[in-house]
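Asks: Chain by chain, the residues:
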Amino acid sequence: GQNIDQPTEMTATEGAIVQINCTYQTSGFNGLFWYQQHAGEAPTFLSYNVLDGLEEKGRFSSFLSRSKGYSYLLLKELQMKDSASYLCAVRDLGRGSTLGRLYFGRGTQLTVWP
Amino acid sequence: DSGVTQTPKHLITATGQRVTLRCSPRSGDLSVYWYQQSLDQGLQFLIQYYNGEERAKGNILERFSAQQFPDLHSELNLSSLELGDSALYFCASSASGGAQETQYFGPGTRLLVL
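In order, the protein sequence lines correspond to chains A and B. Residue numbering for the first sequence follows my numbering, starting at 1 and increasing by one per position. Residue numbering for the second sequence follows my numbering, starting at 115 and increasing by one per position.
Do not take every clue at face value.
[Stated by the list, open to error] Some chain A residues judged to face chain B by a derived CB distance under 8 Å, without partners named:
1. GLY31
2. GLU41
3. ALA42
4. PRO43
5. TYR48
6. LEU51
7. LYS57
8. ARG59
9. PHE63
10. MET80
11. GLY107
[To be verified] Derived SDA-like pairs (lysine to any residue); straight-line CA-CA distance at most 20 Å:
12. B:LYS171 to A:THR26
13. B:LYS123 to A:ASN3
14. A:LYS57 to B:THR216
15. B:LYS171 to A:LYS57
16. B:LYS123 to A:SER83
17. B:LYS171 to A:ASN30
18. B:LYS171 to A:GLU41
19. B:LYS123 to A:THR44
20. A:LYS81 to B:THR216
21. B:LYS123 to A:LYS76
22. B:LYS171 to A:SER27
23. B:LYS123 to A:GLN37
24. A:LYS81 to B:PRO221
25. A:LYS57 to B:ARG177
Hints in this document: simulated from the structure, not taken from any laboratory. Positions of the beta carbon are idealized from the N, C-alpha and C atoms, including for glycine.
Using the sequences and the hints given, assemble the complete structure.
Replies: Structure, rendered in structure tokens:
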């Protein structure tokens, strides 16, 4: 199986930068996803990393280190609408009935204050 | 809007009952995934279908079953419902269920078992 850890809660102020960390243990790594989820709504895709390094997408960036089992999501120029839960999800190589399934962390609830 | 649709949006029922949740994937997507999200468990993968056939199975109870029809919509059947089955149920879809594909989530069905 998988073990995915991320902080439960974080707070920051508008305009600031915040980094949400995710550590994972996996039997066979095949990619890491970050999703944003507002309360009661569907998770929406933010980023995908399969190779080491930084992927930048506007105000959001995601970093991966496979050797350390570590990723972070960096949010810049925070806005009030960024208040949401951020889910780290790891895909494993899988075998048989677990082929390529996603394992989600419990999510990090980010609150952005004015 | 991800393009994935789910009905109903809300469902209230009693213990011991049976319900059916419905999902239509994004146009062109062949693979459908079902997830359960409860406050204490986070987002848990239940089952995946690809072009009508079961591809991967997760933490799905024996009281639950699913299928994907020739028109690619999917249904999740929950029977002998218990209080603990109250949760948000999400459907997601991807093009072909490949390991590096992004999953796009529907708006979810909120199930309340009384």
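Asks: Could you check the structure against the hints above and give me the numbers of any it violates, in ascending order?
Replies: Going through the list in order, the structure violates hints 6, 7, 8, 9, 10, 13, 15, 16, 18, 20, 21, 25 and respects the others.
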